[in-house]
Amino acid sequence: MWERIVEEAPRFFGYYNLIFLLKAMGVTFALSAGGCVVGLVLGFGVAVVRRADGAWLAPLRWLLTLLVEAFRRIPFLVTLMLVFFGFQVLNLDLSIFSVALVSVCLIATAFIAEIVRSGLDSVHHNQWDTAMAMNFSYLQTLRYVIVPQAWKVILPPVFSFFILFIKDTALASQIGVVELTYAGKVLNNRGFSAALVFGSILLLYFILSYPLARFGAWLEQRLAATRD
Amino acid sequence: MNYTLQFGQVTGYLPYLAAGAWLSLQIAFLAFCGGMVLGLLGAMGRSFGGVWLDRLIRAYVVFFTNTPQLVQIYFIFFALPDVGILLSPYQAVLLGMTLNAGAYLTEIQRAGFLSVHRNEMEAAETLGMNLWQRVRYVVLPHIMRVLFPPLSNQYILMTLGTSMAAIFGVEELTGRAFNVNAETFRSIEVFSLTAGLYIVVTLIATLILGLVGRYWFRARMRLV
Amino acid sequence: MPQLVIEGLSASYGPIPVLEDVGLSLERGEVVSLIGPSGSGKSTLLRVLIGLLPPKAGTVWLDGERLDYRHGASLRRLRERMAIVFQQYNLFQNMTALQNVTIAPIKVQKRPRTEVEAEARALLAKVGLSDKLNAYPDQLSGGQQQRVAIARALALRPEILLLDEVTSALDPELVNEVLDSIRLLAAEGMTLFIVSHEMGFVREVSTRVAFMADGRVVELGEPAAIFDRPREVRTRDFIGKILRH
Chain A
1 MWERIVEEAP
11 RFFGYYNLIF
21 LLKAMGVTFA
31 LSAGGCVVGL
41 VLGFGVAVVR
51 RADGAWLAPL
61 RWLLTLLVEA
71 FRRIPFLVTL
81 MLVFFGFQVL
91 NLDLSIFSVA
101 LVSVCLIATA
111 FIAEIVRSGL
121 DSVHHNQWDT
131 AMAMNFSYLQ
141 TLRYVIVPQA
151 WKVILPPVFS
161 FFILFIKDTA
171 LASQIGVVEL
181 TYAGKVLNNR
191 GFSAALVFGS
201 ILLLYFILSY
211 PLARFGAWLE
221 QRLAATRD
Chain B
1 MNYTLQFGQV
11 TGYLPYLAAG
21 AWLSLQIAFL
31 AFCGGMVLGL
41 LGAMGRSFGG
51 VWLDRLIRAY
61 VVFFTNTPQL
71 VQIYFIFFAL
81 PDVGILLSPY
91 QAVLLGMTLN
101 AGAYLTEIQR
111 AGFLSVHRNE
121 MEAAETLGMN
131 LWQRVRYVVL
141 PHIMRVLFPP
151 LSNQYILMTL
161 GTSMAAIFGV
171 EELTGRAFNV
181 NAETFRSIEV
191 FSLTAGLYIV
201 VTLIATLILG
211 LVGRYWFRAR
221 MRLV
Chain C
1 MPQLVIEGLS
11 ASYGPIPVLE
21 DVGLSLERGE
31 VVSLIGPSGS
41 GKSTLLRVLI
51 GLLPPKAGTV
61 WLDGERLDYR
71 HGASLRRLRE
81 RMAIVFQQYN
91 LFQNMTALQN
101 VTIAPIKVQK
111 RPRTEVEAEA
121 RALLAKVGLS
131 DKLNAYPDQL
141 SGGQQQRVAI
151 ARALALRPEI
161 LLLDEVTSAL
171 DPELVNEVLD
181 SIRLLAAEGM
191 TLFIVSHEMG
201 FVREVSTRVA
211 FMADGRVVEL
221 GEPAAIFDRP
231 REVRTRDFIG
241 KILRH
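Those protein sequence lines, which keep their order, are chains A, B and C. FYI, our numbering numbers position 145 of the first sequence as 145, with every residue one higher than the one before it. FYI, our numbering numbers position 100 of the second sequence as 100, with every residue one higher than the one before it. FYI, our numbering numbers position 1 of the third sequence as 1, with every residue one higher than the one before it.
FYI, nobody ran anything at the bench for these hints, they're computed from the structure. Positions of the beta carbon are idealized from the N, C-alpha and C atoms, including for glycine. Each hint should be verified, as a subset may be incorrect.
No farther apart than 35 Å at their CA atoms in a straight line, the calculated lysine-lysine pairs in the DSBU-like style are these [what the hints assert, rightly or not]:
#1 LYS152/A with LYS132/C
#2 LYS152/A with LYS107/C
#3 LYS152/A with LYS110/C
Now the stretches of chain A that chain B is said to cover, found in silico as 3 or more residues with beta-carbon under 8 Å [as the list claims (entries may be wrong)]:
#4 85-99
#5 205-212
Over 10 Å on every C-beta distance to chain C, these chain A residues come out as not near it, computed from the model [unchecked claim]:
#6 VAL27
#7 ALA52
#8 THR65
#9 VAL102
Looking at chain A on its own, in the form it has when it is part of the complex:
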């Protein structure tokens, strides 16, 4: 096996292949980062709505709770299939990249909504009481008092999920998105040895993910220290 790898390596790491792999890494990163950012915004919105009072919001709160609890319990591959065929049913002629992106956004929203919820809960109830006694509205309390205190608890777990999404996007290869895993399959089909191909793909994922993991851990330490 090693002889074959050594023999193929120069061809494998040729200019065009490297460009191809780099582009694929870009797609992987774009899917995860895009999904994470959208998930943060929407997940935050979901958490805020779920926490709000008001009978008129009840049906919406119920629906959001249902969706959040559901998408946290469905494997990503199944979510991809649902979005893929869902687009077909709705006659939406969008690219497979969009399918993958929407899928990541869906699960990101679901998971981050939970993180935000627990982050908001971590702020002492007294802060809510005091703001209410001073006539702050629900949104004002969130904006001026709660979120400035809660974001430090929310950000580190969101970062861990970012890394999780990088790994999840590997499944998008199944619907034909040209991300890193798909690139590997292409190169393997072109004749390169599986060990060389998938070994390198694993390495590339590692290079993408590990520095982010270290940064996330550092961030968590920093933020925990500056909290109360």
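Position chains B and C relative to chain A; hints supplied.
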């Protein structure tokens, strides 16, 4: 929308799919057990071994937690034959999931070891307990209480993780969903039903594990 | 006409009743103190008045206007005229002392920033904290935080100030600085509704004292009457116990 939902065609496959869900649970369970053994060795190695053993295990953990399980299984299934190790799809999935789980479970169990306070051990010692008694009456119950929630959670995640076995043709729940889809072409209905089954299965598993954890190990468990 | 009238007020936490048929009135400029054992409902009464716990029965009138604790608009209006200071100070942890004092007048009462800031500085100077304007709560002692909390409540320009056991969470040596601030407010003629365990202080600063037990007002009268000549058995019991210290 010129597509009419016809769940009727698909509900007949429910028993078939449910059997697939049962297989998913089994695969996750086997990989979990294998992962626990690896995890125990890894945690002990990191906690009690030398510096180099610690670094080696840490490399294993860091590698498997920062790369996708799917690609790990691809490597096992497609690359190992080059060195003469031919595995069936089922075996490759199981091995991949076991190695992957071992990495996470090493860290979970290591955290458990670290959580045993010296004070508890000292108190037990002053009460006259020998090492075996200390382990049995103080350390083990404490560790089980601390570890049961993250271990349960890991098992639930692994059950969802078995879904990618479908890509290799294994006929667990997602694999069977693909089969039914190929037969009936009722894609949305099939995958909605599949999603529903995953939700139901994880809810039941969470509930059962939650009850066991609460009443047997006195652990702080969520029931939903 | 009394400034605040409470009649037949009852409230409960879920199934447990905590206030039963409470009746009381405050004249403008009065200082009324509530004393009594733990769980007697003193703090709960203040929480109900400021709208943090909805009453089950009874009515409250503020300057002759009947308050409705179920409607947002009415709650907002009453909180423009009554302010509360809590036992745990409850300063906003993410803001400096000055910001804590200015945030509500600017964002909620919509007053101009320059005017609010000037007033905030004056209030913080009044409670003796001009050198701590830019300090965060975790840089202040308990007594200092409580004084910021008082300044914060005063910045809302309330007509009535509710003080809920404001010295109970403080180390003994820090209590007096807070009591001094309250004495100042009383001397200036602000209407104060105080819940406190500091009997000496209560006696000195109050116009009237109410003894509460089991969610009811058991006895109400001038300080000398309550402390020296309590009429009810339970009042006598309580006074006897605290005087033995």
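task = For the pair we were handed, LYS152/A and LYS110/C, check the Cα-Cα distance against 35 Å.
result = holds, 29 Å
ask   = Is it correct that the beta-carbon of THR65/A has no partner in chain C closer than or equal to 10 Å?
value = Label holds. Min Cβ-Cβ 24 Å, cutoff 10 Å.
ask   = Can the restraint linking LYS152/A and LYS107/C be considered satisfied, given a maximum Cα separation of 35 Å?
value = With a Cα-Cα distance of about 24 Å, the restraint between LYS152/A and LYS107/C holds, given a limit of 35 Å.
request  = Quickly compare the C-alpha distance for LYS152/A and LYS132/C to 35 Å and report which way the hint goes.
outcome  = holds, 25 Å
task = Examine the segment 205-212 of chain A: at least three residues should have C-beta closer than 8 Å to a C-beta of chain B.
result = Satisfied; 4 residues make the cut.
inquiry  = Checking a non-interface call: every C-beta of chain C should be farther than 10 Å from the C-beta of VAL27/A. Is that right?
reply    = holds, 39 Å
query = Does the claim that ALA52/A lies outside the interface with chain C hold up, using a Cβ gap greater than 10 Å?
reply = holds, 13 Å
inquiry  = So is the segment 85-99 of chain A in contact with chain B by the C-beta rule, three or more residues under 8 Å, or is the coverage claim wrong?
reply    = With 6 residues closer than 8 Å to chain B, the segment 85-99 of chain A meets the three-residue bar; holds.
inquiry  = Checking a non-interface call: every C-beta of chain C should be farther than 10 Å from the C-beta of VAL102/A. Is that right?
reply    = Label holds. Min Cβ-Cβ 35 Å, cutoff 10 Å.
The structure agrees with every numbered hint stated previously.
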